[in-house]
Amino acid sequence: MTEAEALLRVRRVTKRFGGIVALDRVDVDVYEGEILGMIGPNGAGKTTLFNVVTGYYPPDSGRIIFRGEDITGRPPHEIAKLGISRTFQVVKPFLGLTVEDAVRVGAYNRLSDEAEVERRVREILEFMGLDRLRDRLCRDLNIVQIKQTAIARALATDPKLLLLDEAAAGLNPGEVDDLIELLRRVNREMGVTLWVVEHVMRFVMGISDRIVVLHYGEKIAEGPPEQVAHDPKVVEAYLGAEVVI
Amino acid sequence: MRASDLKPIVALTAMLAALPLAVRMNNYYVLLLTWILYYSTLVTAWNVIGGLAGQLDLAAASYIGLGAYTMGTLLTRLDVTPWVGIPLGGLVAAGFAALVGYPTFRFGLKEAWYALATISSVVVLQKLFLVWEEIGGPEERYLPARYGELYYLRFRGYAPYYYILLAVLVMVLLLNVKIRRSKTGYYLLAIRENEEAAEILGIDVRKYKLRALLIYAFVTGCIGGIFALISGYLHPHHFDTWTSLQVAILGIVGGAGVGSIYSLPATTFIIYSISELLRSTLGGWIPGIHLIFYGVILTVVVLLKPEGLSETYERLYGRIRAALLRRRAGGG
Amino acid sequence: MLELLLQNLVNGILMGCVYALVALGLALQFGVMDIINFAHGEFVMIAMYLVFWISLYLAIPGSLTSLIVAPIYFVFGLVIYKLVIDRIVGTYPLAQIAATIGLMVLLRNLALAAWRAQPRGLQYEVLRGSVTLGPVVVPISRLTAALVSVGTMLALRWFLTHTRLGLALRATSDDMQAASLLGINVRRMFALAFGLGCAIIGIAAAFIMTFQQVNPESGLTWGLISWIIVVMAGLGGVSGVLLSGLILGMVEALEITFWDPRASLAVMYSLFILILWVKPRGLFGRR
Ligand SMILES: Nc1ncnc2c1ncn2[C@@H]1O[C@H](COP(=O)(O)OP(=O)(O)OP(=O)(O)O)[C@@H](O)[C@H]1O
Ligand SMILES: [Mg+2]
Chain A
1 MTEAEALLRV
11 RRVTKRFGGI
21 VALDRVDVDV
31 YEGEILGMIG
41 PNGAGKTTLF
51 NVVTGYYPPD
61 SGRIIFRGED
71 ITGRPPHEIA
81 KLGISRTFQV
91 VKPFLGLTVE
101 DAVRVGAYNR
111 LSDEAEVERR
121 VREILEFMGL
131 DRLRDRLCRD
141 LNIVQIKQTA
151 IARALATDPK
161 LLLLDEAAAG
171 LNPGEVDDLI
181 ELLRRVNREM
191 GVTLWVVEHV
201 MRFVMGISDR
211 IVVLHYGEKI
221 AEGPPEQVAH
231 DPKVVEAYLG
241 AEVVI
Chain B
246 MRASDLKPIV
256 ALTAMLAALP
266 LAVRMNNYYV
276 LLLTWILYYS
286 TLVTAWNVIG
296 GLAGQLDLAA
306 ASYIGLGAYT
316 MGTLLTRLDV
326 TPWVGIPLGG
336 LVAAGFAALV
346 GYPTFRFGLK
356 EAWYALATIS
366 SVVVLQKLFL
376 VWEEIGGPEE
386 RYLPARYGEL
396 YYLRFRGYAP
406 YYYILLAVLV
416 MVLLLNVKIR
426 RSKTGYYLLA
436 IRENEEAAEI
446 LGIDVRKYKL
456 RALLIYAFVT
466 GCIGGIFALI
476 SGYLHPHHFD
486 TWTSLQVAIL
496 GIVGGAGVGS
506 IYSLPATTFI
516 IYSISELLRS
526 TLGGWIPGIH
536 LIFYGVILTV
546 VVLLKPEGLS
556 ETYERLYGRI
566 RAALLRRRAG
576 GG
Chain C
578 MLELLLQNLV
588 NGILMGCVYA
598 LVALGLALQF
608 GVMDIINFAH
618 GEFVMIAMYL
628 VFWISLYLAI
638 PGSLTSLIVA
648 PIYFVFGLVI
658 YKLVIDRIVG
668 TYPLAQIAAT
678 IGLMVLLRNL
688 ALAAWRAQPR
698 GLQYEVLRGS
708 VTLGPVVVPI
718 SRLTAALVSV
728 GTMLALRWFL
738 THTRLGLALR
748 ATSDDMQAAS
758 LLGINVRRMF
768 ALAFGLGCAI
778 IGIAAAFIMT
788 FQQVNPESGL
798 TWGLISWIIV
808 VMAGLGGVSG
818 VLLSGLILGM
828 VEALEITFWD
838 PRASLAVMYS
848 LFILILWVKP
858 RGLFGRR
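Protein chains in written order, with this note's numbering: chain A, 1 to 245; chain B, 246 to 577; chain C, 578 to 864.
Excised from the complex, chain A in its bound form:
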């Protein structure tokens, strides 16, 4: 794979918060069609990298290139228009909206014709298995349903690249399996490239084509799941191999 093929290129991105270096010259490539996993201990900078890529924080230095276009420092709503969407580690639900309306908000990203919006909303709700809940207020959902709605509204924006920040946290093993299944379908059937941050190892190892590892803001490893899992640096970062495997 050559660099030109990469859908998203993160180049030497640095981000500091006061004295803390949250990201230290990080390079990441995300290739069209793949599922990229990202792991790292608490405070490694994973969420910060997502925030920088999606325009919530400007990086102190470095570049972010999406489909050949420099998007560094662009605000989130422009980035959404270009085709990147995300979910949040700390879920940010629209508590007062129904599931259907939350998805509709996303659908307006690319569509303006009401009939098309309506169709898209129905499509996404069906795909996500949320049609039973369409008239329910997000306030009345459980955490699994809230997380599904968050993915649904992000998908409704019709992204090329979807960033998922700890989508499996708080789910039981059965629910994790369902989520893996669902995301595979998102990847294959909808053609959405995925970049997932996760602590649940069963999840990352199970779903990722490739994995990058962050530690104290630096990328310390990158490669196929099995290789990364046995990388001594990664094992050391996690203070013991049992956590990883």
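Each hint should be verified, as a subset may be incorrect.
Straight-line Cα separation of at most 25 Å, SDA-like style, residue types lysine to any residue; simulated pairs [stated by the list, open to error]: (1) B/252 - B/416; (2) B/423 - A/98; (3) A/92 - B/321.
Just a sample of chain B residues kept apart from chain C, beta carbon distances all over 12 Å, derived [unchecked claim]: (4) 259; (5) 273; (6) 274; (7) 358; (8) 370; (9) 373; (10) 383.
Here are a few chain C residues that sit away from chain B, every Cβ distance over 12 Å (derived from the structure) [stated by the list, open to error]: (11) 644; (12) 673; (13) 758; (14) 797.
The set of hints was computed from the structure by calculation and includes no laboratory data.
Think of the CB as a built atom: it goes at the ideal place given N, C-alpha and C, for glycine as much as any other residue.
Chains B and C with the ligands: place on chain A using the hints.
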């Protein structure tokens, strides 16, 4: 707009149009009803910014005052008809709103800054108009007493203004229903619920907040022009923080943005009537008792029922409907 | 003209210290709880009435009442915290703002009902007369108020940096979650911050009354001034608040010298909007 959206508006209009007749055009009651309608239109307009966009705007009195002075000054100095002066006042109010709103709508800036900036604007405009002798000044400036001429829109009684305000209320209700069902409406609700999440779904938060603000400020500026016609004079105390607070309180207590838009006029009707009752009965002993009542009701509602009263009405309405249906079915 | 300007600037600097003290209570509460109390100005107004009545009934100078009003106001702050603020921290921002606006309306109109609209001033005060420094006349009352203000600010700064309780307060302000992991009772810190903020208001009110009168409407002005200072200071700590107060005092002095004293609020407000335009995080913020 759907037919089902129009039905309640038609019903409400018919009911409100009949009210002055029901009180036999009694001056006191028509005046009371006029003020209730006045606040109803203000609160319904406020719903766009306070309810849908979730921004606690406290500048209603700024827009009212600017609308009043624009219309009034054009009328007294240049003999420009209020038909033109009123919308121009709306534009001036919208322009001022943009000046305050644009910097405070920056993404990620604290919500409270907007509330602070808006309530302060009322105080400041009042002082400025006191100092600005050419247009404002401490003396009342009276509007021409050309009663009964459509060009001047001045009337001796309150009933004509009541019906003018009713027409405005209908327009503002329609506007709300239309926005609520459009992309802008959904975007505003998303912004109210969670700005950060809204951004990554492709919403230019500042643009949409500003759009809501401009609509609301324009309408409120127009209502300010009508207000000046009703009161018959211009004075810096038209920039009254209390009006701003009252509008916001009625909006919050009425559950702006949460439930049905009709809960706003309903809340205004109930609360204004109670406060008027308090003022006319106990006001002699305890001056400002009706204002204290507003403070108490706001604090209590926010602490106990932060989503406002709209849900309570809906439940009440459902129960009354059910009772009526039952009676009809039973009584044959 | 030059003499007038000099005189006004000195007044402005003295007044700026007092403004800073009044805003300090609000800044402390905002820093720790991330809540803006809209009733802040009304708190100041009520405290000024307290000063007036206590001074009248106990026949003691207004400045001395600070020793009584400050502890009363600390308790008052705790009570308001328990009754209102504690229920709204961490909820919708709109609900937070609305609840304290309810408080603002309530207090203002209660004051109006109880004391009517006419302004009240102290009957008797020891801080009288003035000292003359060249062309400038400095009233003792204002000078004392400014000195007490700066003194109180230094004391608060010392408290925040040198005592366990103060450090716990700062930790809560920096990172609530981390603080609670360290075993700090965050809710108690909130109550403390609110009580302290109110006690500071009590001190300020006593000294303001030595040279000003109070009426039920004065709350809004004090609120506005405090909000501007907090926005200006950002999260800039005690010194940020003092500097912002001084800037505001001097801006007011310039305005009075060159324009109309009645418009000074308008000029301060323009400054506020300007800061939101150009430096939305405040002039002295850390980030
Ligand atoms: N807004 C912020 N202000 C200050 N520091 C921040 C901010 N956001 C993140 N940090 C710091 O940056 C570092 C990286 O945090 P980040 O949230 O990116 O880690 P993470 O890898 O997502 O951790 P976790 O697995 O716990 O989610 C941490 O030290 C964190 O405290
Ligand atoms: Mg994270």
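Hint by hint, here is what the structure shows:
Among the hinted pairs, residue 252 of chain B with residue 416 of chain B is consistent with the structure: their alpha-carbon atoms are about 14 Å apart, no more than 25 Å. Taking the CA atoms of residue 423 of chain B and residue 98 of chain A, the gap is near 19 Å; set against the 25 Å cutoff, the hint holds. In summary, the hint linking residue 92 of chain A to residue 321 of chain B is not supported, as the alpha carbons are separated by about 53 Å, beyond the 25 Å threshold. Separation of residue 259 of chain B from chain C is adequate, the least Cβ-Cβ distance of about 34 Å exceeding the 12 Å criterion.
Remark: the non-interface label on residue 273 of chain B is consistent with the geometry, its nearest Cβ contact in chain C lying 24 Å away (cut-off 12 Å). For residue 274 of chain B, the requirement that its beta carbon stay farther than 12 Å from each beta carbon of chain C is met, with the minimum near 26 Å. Not every C-beta of chain C lies more than 12 Å from that of residue 358 of chain B, the closest at about 6 Å, which undercuts listing it as non-interface. With a least CB separation of 8 Å from chain C, residue 370 of chain B falls inside the 12 Å interface cut-off, contrary to its annotation.
At the 12 Å boundary, the C-beta of residue 373 of chain B falls inside the reach of chain C, the nearest C-beta of that chain being 5 Å off. Annotated as non-interface, residue 383 of chain B brings its C-beta within 12 Å of a C-beta of chain C; the closest such distance is 10 Å. With a least beta-carbon separation of about 31 Å from chain B, residue 644 of chain C lies farther than 12 Å from that chain, consistent with its non-interface assignment. Not every C-beta of chain B lies more than 12 Å from that of residue 673 of chain C, the closest at about 8 Å, which undercuts listing it as non-interface.
Even its closest Cβ contact with chain B, about 24 Å, leaves residue 758 of chain C beyond 12 Å, as expected for a residue assigned away from the interface. With 12 Å as the threshold on Cβ separation, the claim that residue 797 of chain C sits away from chain B is violated: the shortest Cβ distance comes to roughly 6 Å.
Comparing the model with each numbered hint stated earlier shows that hints 3, 7, 8, 9, 10, 12, 14 do not hold.
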